[in-house]
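Number of protein chains: 8
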Amino acid sequence: MSWTVYLSGEIHTDWRDQIIKGAEELNLPVTFTSPVTDHDASDAAGDVLGREGDSFWRDHKSAKVNGIRTRTLIQQCDVAVVRFGDKYRQWNAAFDAGYCAALGKPYITLHDENIVHALKEVDAAAMAWAESPAQVVDVLRYVITA
Amino acid sequence: MSWTVYLSGEIHTDWRDQIIKGAEELNLPVTFTSPVTDHDASDAAGDVLGREGDSFWRDHKSAKVNGIRTRTLIQQCDVAVVRFGDKYRQWNAAFDAGYCAALGKPYITLHDENIVHALKEVDAAAMAWAESPAQVVDVLRYVITA
Amino acid sequence: MSWTVYLSGEIHTDWRDQIIKGAEELNLPVTFTSPVTDHDASDAAGDVLGREGDSFWRDHKSAKVNGIRTRTLIQQCDVAVVRFGDKYRQWNAAFDAGYCAALGKPYITLHDENIVHALKEVDAAAMAWAESPAQVVDVLRYVITA
Amino acid sequence: MSWTVYLSGEIHTDWRDQIIKGAEELNLPVTFTSPVTDHDASDAAGDVLGREGDSFWRDHKSAKVNGIRTRTLIQQCDVAVVRFGDKYRQWNAAFDAGYCAALGKPYITLHDENIVHALKEVDAAAMAWAESPAQVVDVLRYVITA
Amino acid sequence: MSWTVYLSGEIHTDWRDQIIKGAEELNLPVTFTSPVTDHDASDAAGDVLGREGDSFWRDHKSAKVNGIRTRTLIQQCDVAVVRFGDKYRQWNAAFDAGYCAALGKPYITLHDENIVHALKEVDAAAMAWAESPAQVVDVLRYVITA
Amino acid sequence: MSWTVYLSGEIHTDWRDQIIKGAEELNLPVTFTSPVTDHDASDAAGDVLGREGDSFWRDHKSAKVNGIRTRTLIQQCDVAVVRFGDKYRQWNAAFDAGYCAALGKPYITLHDENIVHALKEVDAAAMAWAESPAQVVDVLRYVITA
Amino acid sequence: MSWTVYLSGEIHTDWRDQIIKGAEELNLPVTFTSPVTDHDASDAAGDVLGREGDSFWRDHKSAKVNGIRTRTLIQQCDVAVVRFGDKYRQWNAAFDAGYCAALGKPYITLHDENIVHALKEVDAAAMAWAESPAQVVDVLRYVITA
Amino acid sequence: MSWTVYLSGEIHTDWRDQIIKGAEELNLPVTFTSPVTDHDASDAAGDVLGREGDSFWRDHKSAKVNGIRTRTLIQQCDVAVVRFGDKYRQWNAAFDAGYCAALGKPYITLHDENIVHALKEVDAAAMAWAESPAQVVDVLRYVITA
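Residue numbers (our numbering), protein chains in the order written: chain A, 1 to 146; chain B, 1 to 146; chain C, 1 to 146; chain D, 1 to 146; chain E, 1 to 146; chain F, 1 to 146; chain G, 1 to 146; chain H, 1 to 146.
Hints listed in this document are in silico derivations from the structure and should not be mistaken for laboratory results. Hints may be right or wrong, so weigh each one.
[Claimed, not checked] Short, incomplete list of chain B residues facing chain C, as computed with Cβ under 10 Å:
#	residue
1	T37
2	A41
3	I115
4	A118
5	W129
6	E131
7	D138
Positions of the beta carbon are idealized from the N, C-alpha and C atoms, including for glycine.
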């Protein structure tokens, strides 16, 4: 059986690459999916439909176009990994976690220890909390091949 | 018909009271529900089951006990209002918004303009964005009685 | 048992009043619900959240606020009546019919014979097609009290 | 991952061909599905089961046979594109949009600006509004490959 | 707690009355619901919408109107009792049983021993098989008040 | 796209073979599935788990084992064809039709005209009524390839 | 708001009474529901439908009759409490816990520490683990009234 | 069609191997899936995320990691086989059975006759009870290929 794993959240570090590479090295039968991770492209996702002058509606339009991708990929995944960085508020990551929880999709959070308290509700509904991409790979390896 | 409105998110200002008072003055047929809004009580929700030494597990235990309340009330509401303050990361509010979105529950966000960009995914899945409790009351009045 | 009947669609004639009056005369245990039927109020539903300059976004904002009401009432109804007039395109009425169909909510269409061909998909998924409010009342009477 | 896109609505112009050709030129991994787009064949879909004398029932019978195809394809698609032309009432297109909305399927509307107001409820529940097939292709390219 | 029990199937004997009377004598907190049990009225349910010449379509129209009632009541019941008499084919009773099974609604079959083999699939998905209305009342009494 | 069609009901004539052969001649991309159609094998399905003395329980046991197959195949099909012969009561066929209706699976009934009245509820929830296997093949050809 | 709490599991000690009494003393707005807790009555639940000679089928019949009650009450509860005693295997309690988990119903386990390891999967899907009825009452008080 | 069969429960005897071998000898088109069956590995599943000092939380963490695998595989299977040995309490097996029941997944229990009474609720919701792996293979062969 092949697994599909959605990688949600922070887009400013290379955590996705580390997980993907780690899984490849172990030959795990996993297909990884992600939101668009190019920040500028993501912000401009709706511009092709006509550029908005008002920044709220530009964001709205782009967020909805991005939503076509993210909702579909979340609904099709077997497991999600939701990454929170220290610097940003990443409400979209928490939103994805809530979305997974309501659908009954298992998800793993990936974040440092110093934001544990602020993430307690998100972690409480998760199946695991990892502090490093290597730990995520270990969990995937175990879950998929053990 | 009576409506049930769940008030999710920030617990450090009196936005809930303003909405409740505003709805009462208009005699709107609304029952408001909320998470536990006493910060210390919420953090200690699991302590009655045995105090944990490890802070991650104390948080985990309390967040799950709180989850009995919050999931049930979200599932029973007709509409949710999700409030984001400027100061905190309030990932639980974004989590609730994602949970509502997956269930098809309409929700209204309540936040200042300066965090619009960071909240674009959460707002894009919302039915309305309000900047003040008075606006929320106006929307409820319209939706319920117009 | 009391029934809830949602009256969707055309807002320029008094068909809702005729059905409500007809049901009252028969003392049917029915609660009727409706979208906001004041055209101008409906178009302005989002203005309280800040008036938009762009007409597409004004419509968008108002339609979403109206959606809080209409989705909730459709989900709570037992039966819907969907009315199509001759003059307007009433895509929202057809949208509501499709929404009911996907939810498995039974609905009755109400329209003249001359638009039967254009409405064939909407009628095919309906439980009944009525040509007058009096016929709708007859069907409700039979369904509820027979 | 391969995507399935359902092309709903107007059948009198070549908008489907334009989208399909555009996607082929970009080698997008998309399978397109459609209702039967031959108007006469569609109207006659039920005739094989015995031709009806009454036109309402002929329409009813054909619309149900067509429904076997359209419901199945909508349920299996990842995204729908719903096209409204200027000339016809296309209630079936709005019906499909409502059906998608209730199922949580993302859809893109495709129509000219002059019918924006009449389509406000349908657009408000859509993930995007496009004015040309080329824009639809752009959105698909972004959503699928970005 | 009050229970709602739907009484489906055969309409030519007084089994419904026996169950209702039996439950009343025990003061069971039960609301009983039923399809329309007047055979002629049921066959004519659609006539108010215009009498059909073709008997297939007359049946079709009436069956759909009756469906507004029966689907709604089945979806709202806690338990169904499905009665099969010896003389008729009562495919509608078996249809209701299948409908209940797919919804996860528990149902009790009520029929004589001589048709056990023909009903084996329907009985296999039932929670109980009773041979008399008195037994149904006994089961309800136990289930509700024990 | 390949379609899966479940052939439910009567097992004493060769209607399944006719449909399968007809579809093969047209090269329709259809996979057909069926319940076990060997009457004796079906009645004995549970015997491997220990033969029951009591005929009710033997039937019960076998019907449940058969149910593993039939429920799974119905849930996986795109369309069902439900066949009623003249001679038998085939309550299992009507049960399957009700099961499909509750799941929102489209189904086609296949039966002679003389049992139209008794099947009116089953036909009213169907997408089409065919009188011959050839008509079923025609409908499948149209629905799948038109 | 009033809450409904289902008390599942062990029937040989008075833990249900303790919880009910505790909730009454605090005037909690809770309705408690339970399976039939009279062991002999529960084993004999199916006898009214004809006593079986074979003990497997007697158990089967009674368990199904009991299932009418337990499934309905579990589906209607807001929260379940699942009690495991030390002496018995109480597979039905674990079955109820799995049933709740799949439905997304929050549940609290109630058991001694010495069986923690054997119950780890059941506890991992629970929202809380309590060791005494008094703790359950404390959690309910907090969740419902805080 | 290929079937997926999940093998839940007891991990101390070779019943899984017997079923898999039996199915292979018959060339059944079945993919078998299982929880992690290495007892120590399963208990340590969460250790990679940081070893817990408290045994409750170690169990909790491991059970959740195992849950990523088991929930996903149960949701993807067509049929489950749930094995109860004589010696252990295997609450996780009963939990899986309840989970299957709520999802409408058919399952077969596999256990000796001496624990029939204690398993009556679990057996009552099952589609079959087998006493040996060979019987399970027989049922699968029949269900899949007959």
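Each hint tested on the structure:
no. : hint : verdict
1   : T37  : violated (24 Å)
2   : A41  : violated (31 Å)
3   : I115 : violated (16 Å)
4   : A118 : violated (19 Å)
5   : W129 : holds (7 Å)
6   : E131 : holds (8 Å)
7   : D138 : holds (4 Å)
Checked against the numbered hints given earlier, this structure breaks hints 1, 2, 3, 4; the rest are met.
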